[in-house]
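Chemist: Below are the chains, spelled out letter by letter.
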Amino acid sequence: MKLYVNNQYQIISIDIEPTSYHEVFTLDGTKEEMFGNWCDTCIQGYKYEPQCEFLFNEDGSNARDEKTGELLYKLDEEGNKIPAGYALYPFIDYQTLTLIQKQYEDSRKQIQALNAQIEYLSMMSGYEMEV
Amino acid sequence: MGKIWMPGGGGGTDLDVITAGAGDVLSGKVIVDKDGNPLPGTLTLSGNASDSQVLAGSTYYSTDPKSKRTGTMPNYGKTPTQINNIRINNNRFEVAVAAGYHGEYWANNGYEFMSFDQVANAIGLTAAKLKKGEVVCGRTGTFEGYVPTATDLYLRGNNKAGFTSTNSASAVSFESGGIKIYRAGPELKSANQVNFTPYNYLNIEVYYESYVNTIGNSKTNFKMRSTLWDGTTTISTGISSNITEGKSVTFSIPVSTLSLTRIVHIRIYVQYDALEDNNQWVTYTTVSWNGYVYRIWLS
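Quick mapping for you: the protein sequence lines, in order, are chains A and B. For what it's worth, this note's numbering labels the leading residue of the first sequence as 1, then goes sequentially. For what it's worth, this note's numbering labels the leading residue of the second sequence as 1, then goes sequentially.
To be clear, the hints were calculated from the coordinates, so they are not data collected in a lab. Predicted, not measured: the structure shown is a model, and the values here were computed from it. C-beta atoms are modelled at their ideal positions from N, C-alpha and C, and glycine is treated no differently. Some hints could be false.
Said to hold, decoys possible - Below, in silico cross-link-like pairs of lysine-lysine (DSS-like), each with a Cα-Cα straight-line distance of 30 Å or less:
hint : chain 1 : residue 1 : chain 2 : residue 2
1    : A       : K31       : B       : K219
2    : B       : K247      : B       : K189
3    : A       : K74       : B       : K34
4    : A       : K81       : B       : K66
5    : B       : K219      : A       : K2
6    : A       : K109      : A       : K2
7    : B       : K78       : A       : K74
8    : A       : K102      : B       : K247
9    : B       : K180      : A       : K74
10   : B       : K189      : A       : K31
11   : B       : K180      : B       : K132
12   : A       : K74       : B       : K247
13   : A       : K81       : B       : K219
Claimed, not checked - Quick list of the computed label-pair ranges, beta carbon to beta carbon:
hint : chain 1 : residue 1 : chain 2 : residue 2 : range
14   : A       : E32       : B       : N158      : 31 to 39 Å
15   : A       : G29       : B       : A128      : 39 to 47 Å
16   : B       : G145      : A       : G29       : 36 to 44 Å
17   : B       : A171      : A       : E32       : 22 to 30 Å
18   : B       : N195      : A       : E32       : 25 to 33 Å
19   : A       : L71       : B       : N158      : 21 to 29 Å
20   : A       : E32       : B       : S259      : 23 to 31 Å
21   : B       : V212      : A       : P50       : 26 to 34 Å
22   : A       : P18       : B       : S259      : 27 to 35 Å
Could you put the whole structure together from the sequences, leaning on the hints where they help?
Modeler: This is how it looks when you write it as structure tokens:
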């Protein structure tokens, strides 16, 4: 599976190369394995983003800059952040995504019901209809 | 019997009293034998000791019979001495004692000692590593155990979230110091609901011992991979940087947009890249592993 992301590492397309993108990641596993039954709109609410090693306080909280409040990261000997892999996570509120998914599934059900109705009516009337 | 005629003198001297032979006379010197014949000496001193090899204060002759020498080797035979240095080298503990003579003091053995500080420093013993109140090598422990904070879901045996596993007991066992993983890709399920709303990250610390998979060739890029899901839908996935056998790694899963309270399921696998027979690189993402989960917490 290929994930195409923009410069915010937001997923903008899966497997189909968009006209412009920032980076493409090739991941093992199918779309279903990675995202279950999420619709494309929900998937576009996810980021696939490089992560860096955090600095933690003794209590386990993230260490932050006292003035700016920004997260602090571990640095290597040259003062660079230390890569810590990747994260695939929703950047849109998860409940919003679940609502979008619910609407998507409801509309799919409606379409299926309508298709079934059309098929039934066409069968009863003897007409063949393109569904 | 030989006689030596002493001109102007009285009678001859009796040489029968001579007992020295050539070996008794220093090489380069000449005496006469019992017959009055010259007898060159052959005796030489062939000692090879140096001053530093003879105890301080003791004297000896080396090669010059007219030069009595005095040793300089320090004598610790009767004095316990503190060792000079300690190091861990070649997978062993090595100590350096002062040069000199050691012995006779303690059951005919040398007697050296290390101070408590030397021992403690050498083995990295600190108060923080010692159980509170225990005294070892003069250091009083201050460690009170792993005390979970409010944000810990699991910390070295403290199972605040009530994690259980859907794996078999032999594959995932909850031990006093961590969750032991044996040939498994564990799935941990919390008994309690977890409120993610105030937090940005779910962090996981694991000790990676080894992987369990034989598929693929030229395996490389080993990483820990963890998926957070709610029982039906994958919510977030975190993938660590490359991992090394026998080392711990901490990685984080962003949860900042999860304004929800749920029973959580966490799956933790190893992933790696391997070369297939058709020369294609493939990433295997759900590889079982051996090791421990030490901590799961929100931040």
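Chemist: Take the hints in turn and mark each one as holding or not.
Modeler: Okay, the hints, checked on the actual structure:
1. A C-alpha spacing of about 24 Å is found between K31 (chain A) and K219 (chain B), which places the hinted pair at or below 30 Å, so the restraint holds.
2. This hinted pair checks out: K247 (chain B) and K189 (chain B) have alpha carbons roughly 25 Å apart, not beyond 30 Å.
3. Straight-line distance between C-alpha atoms of K74 (chain A) and K34 (chain B) comes to about 97 Å, which puts the hinted pair past the 30 Å bound.
4. For the given pair, K81 (chain A) sits about 76 Å from K66 (chain B) by alpha-carbon distance, which is inconsistent with the 30 Å threshold.
5. Of the pairs offered as hints, the one joining K219 (chain B) and K2 (chain A) holds, with about 21 Å between alpha carbons and a cut-off of 30 Å not exceeded.
6. For the hint linking K109 (chain A) to K2 (chain A), the alpha-carbon distance of about 29 Å falls within 30 Å, and the restraint holds.
7. This hinted pair does not check out: K78 (chain B) and K74 (chain A) have alpha carbons roughly 55 Å apart, beyond 30 Å.
8. Distance check on the hinted pair: K102 (chain A) and K247 (chain B) sit about 43 Å apart at the alpha-carbon level, beyond 30 Å; violated.
9. Among the hinted pairs, K180 (chain B) with K74 (chain A) is consistent with the structure: their alpha-carbon atoms are about 28 Å apart, no more than 30 Å.
10. Among the hinted pairs, K189 (chain B) with K31 (chain A) is consistent with the structure: their alpha-carbon atoms are about 24 Å apart, no more than 30 Å.
11. As the CA atoms of K180 (chain B) and K132 (chain B) are separated by approximately 26 Å, the hinted pair is consistent with the 30 Å bound.
12. Of the pairs offered as hints, the one joining K74 (chain A) and K247 (chain B) holds, with about 17 Å between alpha carbons and a cut-off of 30 Å not exceeded.
13. A distance of roughly 27 Å separates the Cα atoms of K81 (chain A) and K219 (chain B); the hinted pair therefore holds under the 30 Å criterion.
14. At roughly 37 Å, the beta carbons of E32 (chain A) and N158 (chain B) sit within the given window of 31 to 39 Å.
15. Between G29 (chain A) and A128 (chain B) the CB atoms are about 43 Å apart, so this pair conforms to the stated range of 39 to 47 Å.
16. At roughly 40 Å, the beta carbons of G145 (chain B) and G29 (chain A) sit within the given window of 36 to 44 Å.
17. Here the CB-CB span from A171 (chain B) to E32 (chain A) is close to 26 Å, well matched to the stated 22 to 30 Å.
18. A hinted range of 25 to 33 Å for the beta carbons of N195 (chain B) and E32 (chain A) is consistent with their spacing of about 29 Å.
19. With their beta carbons about 26 Å apart, L71 (chain A) and N158 (chain B) fall inside the hinted range of 21 to 29 Å.
20. Range check, E32 (chain A) to S259 (chain B): about 26 Å between beta-carbon atoms, so the 23 to 31 Å window is met.
21. Checked against the hint of 26 to 34 Å, the C-beta distance between V212 (chain B) and P50 (chain A) comes to roughly 28 Å, which is consistent with it.
22. Our hint of 27 to 35 Å for P18 (chain A) and S259 (chain B) holds, since their Cβ atoms are close to 30 Å apart.
When each numbered hint is compared with the structure, violations occur for hints 3, 4, 7 and 8.
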